[in-house]
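Novice: What follows is the residue order along each chain.
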Amino acid sequence: MTSPAATASAQPTHSRATILKVDRLSYRYSSGQWALADVSFEIGLREVVGLVGPNGAGKTTLLMHLNGLLFGVQRPMAQSAVTGVPPVAPAAIAAGSQGKTGGAVEVLGLAVSPATAPEVRRIVGLMFQDPDDQLFCPTVGDDVAFGPKNLGFPKDEIKRRVAEALAGVGLTGFEERSPLQLSFGERKRVCLAGVLACEPDLLALDEPSSNLDPRSRRGLIEILRSCRAAQLIATHDLEMILDLCTRVLVLDGGRIQADGRAFEILSDEHLMRTHGLEVPLSIQLGGRKSTLPGK
Amino acid sequence: MRADFLDRYARGNTVFHRLNPRTKLLLVLLIVIGVLLTPVGAWPVFGCLACGVYAALVIAEIPTKYILQRIGLLLPPVLGLALSAPISRGFQGGWELAATITCRSLLTFSAGLWLVNTTPFETLLGAMARLGLPNRFVELLAFMYRYTFVVFDELARMRTGQRSRTFSKPGLFALWISNASLLGMLLIRSLNRAERIHGAMCSRGWTGRMPEQS
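Chains as they are written, first to last, in my numbering: chain A, 1 to 295; chain B, 1001 to 1214.
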């Protein structure tokens, strides 16, 4: 159920050139439960979009579709969603489980499928919520170099990318350190460096600021602000959304419930409360008047 | 679990720390083979080897207390194994064999202790790869080293959570039951984590072959 006000305000924020197009994406867990139902949206080049919603809304599942870790199905156009279970043809579900999708997710015009996943992963960088899931190499330098090495770059280029990515997250000189010796905030920054080193055009970030102390969180926001790639940030940190994003998507029950300007969506008390969220304190207290990043 | 549980003194600066890691690896391999080939009851040879290994540990500035603590962890299973020799002979001999098994275990263990405490683990992995060990084996060791700590920390957190809701001293049976479910849960969590790690690797372009370790 998309909020009318939100939909109306969504139009001006869409960029003409899109990097990501999600069209009627549905995904069902092996248990039979629908995680995503009929999700559609687009993200423009260099656009920074927030993805909010209660726990279990399907945010992480959605992000995993963006670089081919999961493959959903595209719901047939003619059938309309009523409630709960979306009417997906059994054939389409079978095709989805085998990974033959018909462009439910497109990245720079490329339909995400097992065949295109390697190419898609060059374009979309995914950062996981728990840094221990992402940092597996014995040293920070090896870990940041993992992506560029897989992309087959020559040694000099890998070195340059590692140095640049670590400098970008303020961890120059950490190359030889073991991830075991780092604080949680530092590990999170190394994860981001590992993704940035692949120089993706779209960053998909899963709870980037969770469990960070205020200083680390502020540092991360500044890093993301200086980043030129388009971003989709799944988070419960609504203040961060207001700091970084021009647009926000509300996901609840596996469906996009609202899509529009961040300030207008996040200040809609009824919408926020309906979907297990609340109006950020800075708006409640009247301190925040706009969502232009940097203000 | 402390991050330096395995290699607390590996980042020292003694002559052994500066030695080429491949040389150290081969040296330890040589000692292990030598110890295993030493015949049962050749006490002078064991004595000489023990003196050599202990001297190497001292020169590498690894504290004796730390060595004894680590040996203490190894001793119960080794003694259990060693005692099987006299037990199988109804305590009518086999004592010399038991002592030899203990000596061999302690010596090879101490040599290994010297190796991991004079060489950071990632350097050791690089040395193994350069010595021609199969890549899969080196990768397995790298993952084991990286995630041993994560899994142990997870176990510690689960145990803390369990203890915080234990209000009386549980009986032995109840303790076994709850520990068994703890371990089962840890296994499932580890499998889930492995899946997430695999996903994270794929999302950075992994295609089934690890790029060369630098």
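Keep in mind that the hints are not guaranteed to be accurate.
[Said to hold, decoys possible] So the derived label-pair ranges between C-beta atoms look like this:
id : chain 1 : residue 1 : chain 2 : residue 2 : range
1  : A       : Gly56     : B       : Ala1180   : 21 to 31 Å
2  : B       : Leu1006   : A       : Arg225    : 38 to 48 Å
3  : A       : Ser226    : B       : Asp1004   : 26 to 36 Å
Quick caveat, the hints were computed from the structure, so don't treat them as lab data.
Built from N, CA and C at the ideal position, the CB exists for glycine as well.
Novice: Taking the Cβ atom of Gly56 of chain A and the Cβ atom of Ala1180 of chain B, is their distance within the range 21 to 31 Å?
Specialist: holds (29 Å)
Novice: Using the C-beta atoms of Ser226 of chain A and Asp1004 of chain B, is the stated range 26 to 36 Å upheld?
Specialist: The hinted range 26 to 36 Å holds for Ser226 of chain A and Asp1004 of chain B, with Cβ atoms some 35 Å apart.
Novice: Can you tell me whether the CB distance of Leu1006 of chain B to Arg225 of chain A sits inside 38 to 48 Å?
Specialist: For Leu1006 of chain B and Arg225 of chain A the Cβ distance comes to about 40 Å; the hint holds.
No hint from the list above goes unmet by this structure.
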